[in-house]
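**Student:** Sequences listed follow chains A and B, in order.
At position 259 of the first sequence the residue is numbered 259 (our numbering), and the sequence of numbers has no breaks.
Adding 365 to a residue's 1-based position in the second sequence gives its number in our numbering.
Take these hints with a grain of salt, some might be off.
EDC-like mimics (lysine to aspartate or glutamate), calculated; alpha carbons at most 20 angstroms apart, straight line [what the hints assert, rightly or not]:
# : chain 1 : residue 1 : chain 2 : residue 2
1 : A       : Lys-274   : A       : Asp-170
2 : A       : Lys-259   : A       : Asp-316
3 : A       : Lys-176   : A       : Asp-256
4 : B       : Lys-772   : A       : Glu-227
5 : A       : Lys-59    : B       : Asp-790
6 : B       : Lys-772   : A       : Asp-316
7 : A       : Lys-59    : A       : Asp-46
8 : A       : Lys-285   : A       : Asp-260
9 : B       : Lys-772   : B       : Glu-669
Just so you have them, the derived chain B footprint on chain A, three or more residues with Cβ under 8 angstroms [stated by the list, open to error]:
#  : stretch
10 : 170 to 179
11 : 196 to 207
12 : 223 to 230
13 : 288 to 302
None of these hints come from the bench; they were simulated from the model.
Just so it is clear, CB atoms sit at the ideal spot from N, CA and C, and this is done for glycine as well.
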Amino acid sequence: MPQHQGARLVLSQGQAAAILLLPFLTIYAVFLVYPFFKGVWISLHDWNLMAVAFNPDAKAYVGLSNYERVMWGSNITWGAWASPAFQFIGLAGAVASAWLYRTGRAGKVTALAMGGAALLLFVLPGFHPGEGGRWYDRRFWPTVGNTILFVGLAVPGVTITAMLLAAALDGETRAKAVLRTLFFLSQVLSVTVVTLIWQIMFSPRQGLIANLTQLFGGSPIVWLTAEGFAMASIVIATIWWSLGIAMILFLAGIQDISKDLYEAGALDNATGAKAFWYITLPNLKRTITLVVVLQIILHFQVFGQSHLMTNGGPNDTTQVLVRYIYQTAFRDSELGRASAMAVFLFVIMGGFSILQFVLGREKDQ
Amino acid sequence: MKHVILGATALTLLATSAVAQEVTLGRFFGDCEDAGTDTSASVGEACIIQSIINAADAEIDGLSINTLPTDWGNYYDQIVAAYAGGTPPNVHVMHRHRVPEFANIGALADLTDDLEGAGIDPSDWEPAALEAVTYNERIVGVPMDIHANLWHVNMDLMEAAGLVEDGAPILPSSPEEMLEHARMVQEATGQDYLAADFAEFPIGVRVALALIWQQGANIFEGDTATIDTEETRNAISAITQLFDAGLSNPQLNYADSQQAFLNGEAAVLVNGTWVVDFYAAEAARDDEGLNSYFVADFPTLFDEGATWADSHMWAIPSPVKANDPDTYATALQVLAFINDHNLDWARTGHMAVRTSVLESAEYAALPHREEYTGTADIARDTPPSVRYGAIQDALNRELQAIWLTGKSVDAALADAQSDVQDLLDR
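Please put together the full structure from these sequences, using the hints given.
**Tutor:** Below, the structure is given as structure tokens:
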């Protein structure tokens with residue numbers, strides 16, 4: 001076999017890997033790493049979006065002042081019972097972590113991660129303005145709270161609904177295949193379409209829900225403008241929208257479970273709900289972790305539902321972090337301040353990812 | 366054959382692009398499918414403006430207008446982002462209240478010395494319209510209208526309540542009288558007296574602002590917020606007394622409040638001049654709901670007349686004038702064409718800005734026009750500010766908190782005061 005001239009250019013495995021990775025790394029560096037550090041850089045400046053566009057020198061370095069103006073206030077003090085509900089849960093969580101570790105029910109890393117998170121929940125809500133003091137931006141922390149509430153409602157909502165649907169629709173009948181497709185369909189819609197559909201559904205005058213309520217003699221709820229229902233309505237729309245992917249992941253997880261387990265279970269009289277509880281659920285642990293992590297990261301970035309359905313109202317009850325960042329950057333042109341909030345969002349999302357990662361790893365061991 | 370067709374198409378495209386100067390245009394007002402080029406037949410803001418744009422595209426030689434897709438609710442965010450990215454549309458519509466924000470940093474082209482050459486006569490503009498497009502004594506836009514809040518009235522419901530005299534509705538002259546009228550309407554018809562979007566867009570804010578101005582006060586002066594005052598409390602209680610007595614529903618958003626009025630479920634709807642032609646068309650339809658429609662000036666409930674008002678205007682970004690004289694000249698032609706069709710735009714219900722149009726018989730003959738002639742004299746707005754958008758949002762949030770969530774007036778006004786002061790201090 002004749003030898004090729006280029007045979008001298010044989011690449012080592014490392015060199016080949018470097019060349020193959022180069023296109024990805026270039027794009028990753030240009031479109032992800034650079035903008036990220038640019039964002040951090042902008043957050044250290046007084047940076048007006050419009051003014052800097054017309055005069056690049058119109059920005060000024062201000063250090064951490066944007067962070068201070070967003071997250072801090074004048075005369076801020078700390079109290080152990082400033083926000084009793086959160087702080088009690090935090091304290092209870094810390095005690096529970098210690099107890100779980102002591103009794104050997106949780107590993108060291110898990111206990112440390114949970115305990116750390118619980119302590120943060122005890123410490124952070126304790127900060128509040130003292131006598132004559134005030135937050136520089138009184139809307140920031142409530143907005144963070146709304147975002148966490150949204151995540152806290154949407155993630156379990158999506159996870160539990162998707163899991164139950166997946167368990168119910170696992171099978172080879174035609175009806176189940178059709179239903180699987182139907183339930184997945186909502187996922188392919190864009191947020192504008194989803195919010196439009198649900199605005200009509202929730203409308204007190206022409207909505208399906210209002211019509212049903214009236215059919216049974218009730219008076220229709222004004223979902224999107226009532227303080228107690230606005231957050232619920234964007235959560236409901238979100239669950240309906242993001243069910244599909246979670247359901248497919250659970251279906252894949254369920255189909256991975258050996259049929260032998262169910263047969264053995266059936267011999268021990270474990271069928272239906274019992275089989276789900278004792279066989280399906282324990283075998284889905286890894287899938288549940290994956291779905292929860294994905295959902296938390298996804299839903300921390302909620303924007304469209306709040307922006308298009310409720311405009312963040314009423315009384316800011318559905319104002320979420322990304323919407324606040326968007327308004328600060330594009331309505332108010334205050335890019336520095338908005339970037340500081342975005343860095344904060346990155347930190348809490350990163351924190352949750354690390355927490356989930358640690359918990360997931362320990363389970364594998 | 367395929368090659369011939371392709372070749373011919375390519376040649377045509379080449380020829381067209383060589384001749385036609387493309388102008389990109391940004392606007393809100395919503396979408397209109399198939400607006401056509403007949404500027405005198407279209408109905409509603411979206412279709413009337415698009416028919417004028419289409420007509421300009423068709424009638425001006427060597428011009429091709431590309432109307433960019435923009436979304437109503439996020440229009441200014443899109444425009445700001447486009448400016449920041451260095452790609453603003455060559456021509457775009459905006460409100461008078463946004464002029465300081467853009468002109469302050471030199472984003473808008475100074476048109477002062479170029480208008481006459483383009484066939485636009487600023488001396489034909491009403492003083493209020495000229496003032497709307499003037500910043501630091503330079504003209505930075507071409508005004509298209511003055512629009513304001515009106516009282517849209519269902520005459521059948523008012524008649525049933527005995528609130529019609531000489532073919533015109535009897536409107537209240539004090540908050541107490543308004544409550545009395547509202548009770549009369551409800552007793553006679555079972556319907557609400559007043560509807561408006563108190564739950565979504567800042568129409569409720571504009572009602573409150575009008576009532577504050579009617580007492581000679583304002584929400585800020587210079588760099589000082591003046592929201593937490595007795596006048597604001599009076600204005601708010603004039604509105605909330607209707608909610609508390611069940612004579613108006615604060616939970617309706619824009620679409621729902623409009624639907625309530627068109628269904629005949631409210632005697633009065635507070636909304637702008639932009640819907641007069643639409644409601645007139647709806648009233649003319651032979652169905653249930655609104656059948657007898659009247660347009661009234663915003664009534665004076667306190668000492669002096671005042672209603673919220675603003676202007677739509679067209680501007681050209683300053684980089685277009687500085688870097689691209691051909692496009693700038695063509696863009697001015699587009700503005701001149703829109704200025705020439707001021708009467709067509711006024712068919713929406715908006716008030717024209719050109720004296721020659723205002724004095725024309727055609728303008729006087731527009732439907733319901735004679736019913737709200739007083740509005741031009743009482744048109745008001747808050748002082749100019751680069752933070753106008755954020756201030757409106759802060760007010761909207763706190764006022765809605767009062768009537769939608771039961772937040773106390775004291776707490777809401779204290780929060781609004783500190784939020785607006787923060788914005789003015791930045």
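**Student:** Is the straight-line distance between the alpha-carbon of Lys-59(A) and that of Asp-46(A) 20 angstroms or less?
**Tutor:** Distance ~6 angstroms between Lys-59(A) and Asp-46(A) Cα, so the pair holds.
**Student:** Just to make sure I understand the rule, a stretch counts as covered if three or more of its residues have a C-beta closer than 8 angstroms to a C-beta of the chain. Does the stretch 223 to 230 of chain A meet that for chain B?
**Tutor:** Contact hint for the stretch 223 to 230 of chain A vs chain B: holds, 4 residues under 8 angstroms.
**Student:** Take the stretch 196 to 207 of chain A, compare each residue's beta carbon with every beta carbon of chain B, and decide whether three or more fall closer than 8 angstroms.
**Tutor:** holds (count 4)
**Student:** Quick one, are Lys-259(A) and Asp-316(A) close enough, alpha carbons at most 20 angstroms?
**Tutor:** violated, 50 angstroms
**Student:** Under a C-beta cut-off of less than 8 angstroms, do 3 or more residues of the stretch 288 to 302 of chain A approach chain B closely enough to confirm the stated coverage?
**Tutor:** violated (count 0)
**Student:** Compare the distance between the alpha carbons of Lys-772(B) and Asp-316(A) with 20 angstroms, and conclude whether the hinted pair is satisfied.
**Tutor:** holds, 12 angstroms
**Student:** Are Lys-772(B) and Glu-669(B) close enough, with their CA atoms no more than 20 angstroms apart?
**Tutor:** Given that 20 angstroms is the threshold and the Cα spacing comes to 29 angstroms, the pair is violated.
**Student:** Straight-line Cα separation of Lys-274(A) and Asp-170(A) no greater than 20 angstroms?
**Tutor:** holds, 16 angstroms
**Student:** Take the C-alpha atoms of Lys-59(A) and Asp-790(B), compute the straight-line distance between them, and say whether it is at most 20 angstroms.
**Tutor:** At roughly 18 angstroms apart (the allowed maximum being 20 angstroms), Asp-790(B) and Lys-59(A) satisfy the hint.
**Student:** Can you confirm whether the C-alpha distance between Lys-285(A) and Asp-260(A) stays at or below 20 angstroms?
**Tutor:** Distance ~19 angstroms between Lys-285(A) and Asp-260(A) Cα, so the pair holds.
**Student:** Counting residues of the stretch 170 to 179 of chain A whose CB is closer than 8 angstroms to a CB in chain B, do you get three or more?
**Tutor:** violated (count 0)
**Student:** Going straight from one Cα to the other, do Lys-176(A) and Asp-256(A) come out at no more than 20 angstroms?
**Tutor:** holds, 18 angstroms
In this structure, the earlier hints numbered 2, 9, 10, 13 are contradicted, and the remaining ones agree with it.
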